[in-house]
Amino acid sequence: MTLATLLLIAAGLIGVGVYGALSQQSFVMIMMGFELIINGVLLAGVAFWALATAGEPRGQVLVIVGLLVMAIEAAMGFALVVNVYRARGADTTEGIDSMSH
Amino acid sequence: MNPETSLWTDLAFWAFGLAAVWYGWRVFRTDSMVRATFALLASFLNVGAIMVLLLAEYLGTALFFMMAVEMAVMAIFMVAFMMNPAGLNPMQMVHQHRFAIVAGAATFAGLAGLGFAVDFPDRPLIIAADTIQQLGFELMGSSMLVMQSIGVTLLATMIGAVVLSSKWGRYGDSDAGSVPPSLDPEQREEDRS
Amino acid sequence: MPLASVYANDWLAIPVLLAVVVGGVYLVSVLDELFGEVVSGSRPNLGRSLRLPVRQAALLLCQSATRTEHPDRILWPVAPAAYAALAAAGMAVIPFAEGFAVADVRTGIVVFGAAEVLTFVAVYLHGWSANAPLALIGGYRSLVQGFSFMLLSMFVLIGVALPARSLSVGQIVEAQSGLWNVVRHPLGLPLFLVVGLGAALWGPLRLPDSRELAGGTVGEVSGPQRLAWEFARRAMLVSYAVMAASAFLGGYLGPWLPGPVWLLGKSVAMLAVFVALGHLVGRVRPERFMAQAWTVLLPLSFLDILIAGVEALP
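Chains as they are written, first to last, in my numbering: chain A, 1 to 101; chain B, 1 to 193; chain C, 1 to 314.
The hints are simulated quantities; they were obtained by calculation from the structure and are not laboratory data.
Computed from a predicted structure; not experimentally measured.
We put the beta carbon where it would ideally sit given N, CA and C, even for glycine.
A couple of the hints might just be wrong.
Unchecked claim - According to the in silico footprint, chain C covers these stretches of chain B (three or more CB under 8 angstroms from chain C): (1) 47-61; (2) 65-79.
As the list claims (entries may be wrong) - DEER-style ranges, computed between Cβ atoms: (3) A:R88 <-> C:G36: 52 to 58 angstroms; (4) A:I96 <-> B:V162: 19 to 25 angstroms; (5) B:G151 <-> C:L257: 41 to 47 angstroms; (6) C:G36 <-> B:D10: 49 to 55 angstroms.
Said to hold, decoys possible - Residues of chain B clear of chain C, computed beta-carbon distances all greater than 12 angstroms: (7) M93; (8) H95; (9) H97; (10) F99; (11) G113; (12) E138; (13) M144; (14) L155; (15) G160; (16) S165; (17) W168; (18) P185; (19) E190.
Chain A extracted, bound-state conformation (with noise of 0.2 angstroms):
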C-alpha cells in the first residue's frame, strides 16, 4: 500500500470517470462520471494526507471540500436536469441542440 499504489488506484478511478463523463448521453450517468472522478481525487488526497504529509490536519480540511464539491455538483446537478425537462423535454444531450450550430 505505497503511495504509488494508492495513486495507480485512483489514477483508475479517475480515468474510468473521465471515460463516463465523456461518453454517455444521458444528463445522470455524465454526473456518475463526475462522482468517480471526484472519488478518486479523494481517495489521491487522502493517500498524500497519510503517506506524504505525516498527517497535517489541513489535509483532511481538503478531503472534506472535496466532498462539499461533490455534494454540490449532485444537488445543482440535479436541479439543472430537472429544470432542463421541463424547458425543453430533453434527458440526454443529444435532446438539447438550441447551442449547437
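Position chains B and C against the provided structure of chain A, taking the given hints into account.
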C-alpha cells in the same frame, strides 16, 4: 503499526482498490439504471474502506454515510429521467465512444505515470495521533474560514437547487406555461379574460 | 484493521452479540404478542406468547417461496441478509460492559449512522428486486421516509457526543457517569425513538411494507425469505434499543449490579417502549409524516443540539 507494513492491510487494500475500479467500470456497462447507481455506491464503499485502512477513519465512515444518501437520491433521479429503468431492453447510449475510451486511458496512463515517476516525500502518518481530534481542532481553529465558507456555500446550493427545481414560477405553475404578462395593454386585457 | 483506532476490541464479544441479536428478536416477538393482547382487551396469555413466535417461524420455514417474473436473483435474498448484517454492525460499536465490545471504534456513532442509511438502501433494493409494481412503490417510500429522519438521527447523536468530546459510544457511556443524557438533553430520546421506529419499519412508520400497498416490499416475499426479513426488522429494533440505552440511559453504568445486567434491563425497557408505540400509535400517512418531520421534528433536533452545545460548554 505503519499503515503500509502489514500483509493483511496490503491484501485488503488491493481487494478494495480493484473492486472499486471494477464497480466503477460496471456503472457504465449495465443496462439497468438501479444496478448502475448501486454499482457506483459499491465503488464508493470500497474507497471508504481504503480510507479507513489509511487511518482516516472519520473521512472513511463519513464517506460511507454521505455516499449512501447520495446514491439513494440518484436512484430516484435515474428512474425518473432514464427511459430504460428496469433494464429490460439492452441499450448502449453512448456518443464519441472511441474518443472517450482514448481519453480515459490517456488520463489513467498519465496520472499513474506521474504517481510512479515523481519522487514524493515519504512521511508516513504518526500512528498514535488522534486524527479525528486533530481534524476537529483544525476545522474550528485555523481553518475556521474554510468552515464558514463551506456553510455559506451549502446554504447557497440548497436555495439554488430549490429555486431551480421549483414548479411554481413567479407567474404561475411551470406546467401551465408560466410566462410574464404581455407588454401590450390590449393583449393583457385579452389574457385576463 | 489498525487497532490503534479502537478503544475496545474483543473477539469473545462476537458470540455475545449474536446471542443478543437472536434473543432480542425472540423477546420482541413475545412482547409484541403480549402487548397486542393487552391492547385488544383480552387477558395476556404468557405461554401462548412464548410459543407463538417459534410456531410462526417454523411455519415460514416450511412455506414455499413465491416467484416473480425476472426478479434480481442476487439482490433479492441478499437484501434481508444485508438488513440483518447492518443491525449487527450497528450493535457492534456499542460496548456491553466496560472495555468489552466487538469494535468500539473512535467513530462509533458515524458507523451507526452509516448502518442506518444503508438500511434504507437495503429496503429499497428489497422492493426493487421483486420486479413488482407495489413492491417498487414500497421501496421508494423507504427512501422518502429515510431522508426525512436521517438528519434527525445524526443531530441527536452528535448532541449526545458533545459532552463526551468523542464520537465513540464507549466514551459517550463513560461521560454519563455523572448524569444520564436523557436528563441532560430531554428532547434527544423522543426523537431517537422516532428514528428507531422508522429504521426498523415498525408501527407508525411501517410505510414501505404497509397494508395499503398489499404488503409493499414484502408483498411478493414468502417462506424462508419472509422469515429472514421479519428477523432483520426485529434485529434492527433491538440494535436501536441497545443504542438508546447506551446513549441516553447510561448503558452499562449503575450501582450494585454488574454492567451487562444494567444494559440488559435498560435495553428491555427501551424494547418495551418501542413495542408499545407500535401498538398504540396508528400508522401515519407518508405525506403527513414527511411534512411533520421536516417542519417540526428537524427544528426540534436543532434545538436539542443547541441545548447540548450550551450544556457542554466548560
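Verify this label for me: M93 (chain B) is non-interface relative to chain C, using a Cβ-Cβ cutoff of 12 angstroms. 21 angstroms, holds
Taking the shortest Cβ-to-Cβ distance between L155 (chain B) and chain C, state whether it exceeds 12 angstroms. 14 angstroms, holds
Assertion that S165 (chain B) lies farther than 12 angstroms from chain C (Cβ): Fine: 15 angstroms to the nearest Cβ keeps S165 (chain B) off the interface.
Verify the CB-CB distance for G36 (chain C) and D10 (chain B) against the hinted window 49 to 55 angstroms. The hint (49 to 55 angstroms, Cβ to Cβ) holds, given that G36 (chain C) and D10 (chain B) are roughly 54 angstroms apart.
Is the claim that F99 (chain B) lies outside the interface with chain C correct, judged by CB distances over 12 angstroms? 33 angstroms, holds
Minimum C-beta separation from E190 (chain B) to chain C exceeding 12 angstroms: can you confirm that? At roughly 39 angstroms from the nearest Cβ of chain C, E190 (chain B) sits farther out than 12 angstroms, so the non-interface label holds.
Can we confirm that no CB of chain C comes within 12 angstroms of the CB of G113 (chain B)? 30 angstroms, holds
Does the claim that H95 (chain B) lies outside the interface with chain C hold up, using a Cβ gap greater than 12 angstroms? 28 angstroms, holds
Count the residues of the segment 47-61 of chain B whose Cβ falls closer than 8 angstroms to any Cβ of chain C, and tell me whether that reaches three. holds (count 6)
Would the non-interface assignment of W168 (chain B) survive a Cβ cutoff of 12 angstroms against chain C? 17 angstroms, holds
Do G151 (chain B) and L257 (chain C) keep their Cβ atoms within the hinted range of 41 to 47 angstroms? Roughly 46 angstroms apart at Cβ, these two residues keep to the hinted range, so it holds.
In terms of beta carbon proximity below 8 angstroms, does the segment 65-79 of chain B have 3 or more residues touching chain C? holds (count 8)
Violated hints for the displayed structure: none, as all numbered hints are satisfied.
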